[in-house]
Amino acid sequence: MPGGPAVSGGGINAEPEKSKWAGIMMTAFSAFGGILFGYDTGVINGVKEITPWLDLFGEPGPNGTPILSSSHESLVVSILSAGTFFGALLGAPVADHIGRKWGVVFANLIFCIGVAMQTGAKALPLFVVGRVFAGLGVGLVSCLIPMYQSECSPKWIRGAVVSLYQWAITIGLLVAAVVNNGTKDRAGNSAWQIPVAIQFIWAFILAGGMALLPESPRWLIKRGREADAAISLSRLTGHDSHSAVVVAELEDIRSNLEAEKALGTSNYLDCFKLTHNKICLRTLTGIFIQAWQQLTGINFIFYYGTTFFKNSGIQNSFLITVATNIVNVFMTLPGIWGVERFGRRRLLLIGAAGMCLCEFIVAIVGVTVSGDNLAGQRVLIAFVCIYIAFFASTWGPIAWVITGEIFPLQVRAKAMSLSVASNWLWNFGIGYATPFLVNKQAGSAGLEVKVFFIWGSTCACAGIFTWFCVPETKGLSLEQIDDMYQEVYPWQSNAWHRRNAAANTSHERGSSHEERLEEKA
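Throughout the sequence shown, residue numbering follows full-length UniProt numbering, covering 1 to 521 in sequence.
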């Protein structure tokens, strides 16, 4: 699932007891931006199956019932991702010129233009253009919110705070499924206009709240507005703007900016140089881990799940979509906890293996059991839910964690932008291609449930990729990760961890022995 966070920036270094509530409340609210993408993704999943929407935008089917052709379904679903791709690319200049928080407000304005076009559309072209504008807004938010979080949240909770953005995406998906299920049987266009128009509420809440929050002190220092930066930092930490803590923190930010400038400018070609610290490998790892996250097939469920369950003979496909979204929301929580408990690499391997097994079972059951077999339907639903649970607790959040950790400072912003762009690009490609793979229409492959053989195979490939290309970064500072890349390859990272742990233990024992000798003396 795209639109998740990529950790970057400095963060606030104030002590927990003073900054705890200000930092947590501020950054927790900004994570609300994830609702925009999650809800928009989920709402189109159901809206395109609502009868009044099909009556207005569909075409007459073989039996007179309106349907949506594969080409139009691909366009309606995937065009949002095309907009988000360009919105994400615009994120950096918008953040630099307008600022982090006002950039989010600006993004919400563009998003609302898109929602207005969709709500008032009477023809498919205007609905599609509206989704492009909504995508531009979502793409901007997906870049600006994690940037704002990572620059403004206290360092001691930064990882958890940025993970809340991913969780907000899953909540948006769930809310959309519930709303779709509640309005699908209404008469007239309000059946689909209400779910679409509700997005105005999310945009108003986010824009209004962000307007009241302080601007990023890091951006204000970069713009030479040091007095404003002191006031902003005072609000974030709970200290007076002239206190020693705020003055020291501002000096820290200033020093970091000077250090970054001293590294000199870098271009995108530098991300692919064959250097001693394997920058090219790291860049390609970031790009491909985002690609494999999309190729797990998760957006097939969240874009086309309602259609898939309906075609599989399940009567209340909308209700099943609600159930799968509930699984997605609650299984993200153990993933947020497990990433520090069990490590990144191990969970990615477990997740790839689990998803692969579930998807092959779904495919086999789908092709061997008839659609009206109740037991077969239950098995299919159960293993789709287990598959979603594996994704939500592993590849969902952890792909973004890896992307935020493996790049060296000099090329971090550009390498991360390439990785995020990869996510949106594959999201668009899969969203566009899926109807042509699944639907039984002229010009389509008609795979239906057999498409899960493809997703199972790509999950197996994702596991192989993880084994050779993704190192274990748990418990390491960014500098230690850089050292590890210089000394070993990713598949040797666990051995590197053990050697360093043993060396640190020996050092601690030696230090303790020296301390005891000093005490005796």
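What the hints contain is simulated information worked out from the structure, not anything from laboratory work.
Keep in mind that this is a model prediction, so the values were computed, not measured.
From the three backbone atoms N, C-alpha and C, an ideal C-beta is built for every residue, glycine too.
It is possible that part of the hints are untrue.
[To be verified] Label-pair restraints from in silico Cβ distances:
no.	residue 1	residue 2	range
1	ILE464	ALA382	52 to 60 Å
2	GLY475	SER71	48 to 56 Å
3	TRP467	LEU109	43 to 51 Å
4	LYS450	ALA92	40 to 48 Å
Verification of the supplied hints:
1. Between ILE464 and ALA382 the beta carbons are some 27 Å apart, a value that contradicts the proposed interval 52 to 60 Å.
2. In this structure the hint that GLY475 and SER71 lie 48 to 56 Å apart at CB holds, the actual value being about 49 Å.
3. Checking the proposed 43 to 51 Å range against TRP467 and LEU109 shows it holds: the Cβ atoms sit about 45 Å from each other.
4. The given range of 40 to 48 Å is respected by LYS450 and ALA92, whose C-beta atoms sit roughly 41 Å from each other.
Checked against the numbered hints listed earlier, the structure breaks hint 1 alone; every other hint is satisfied.
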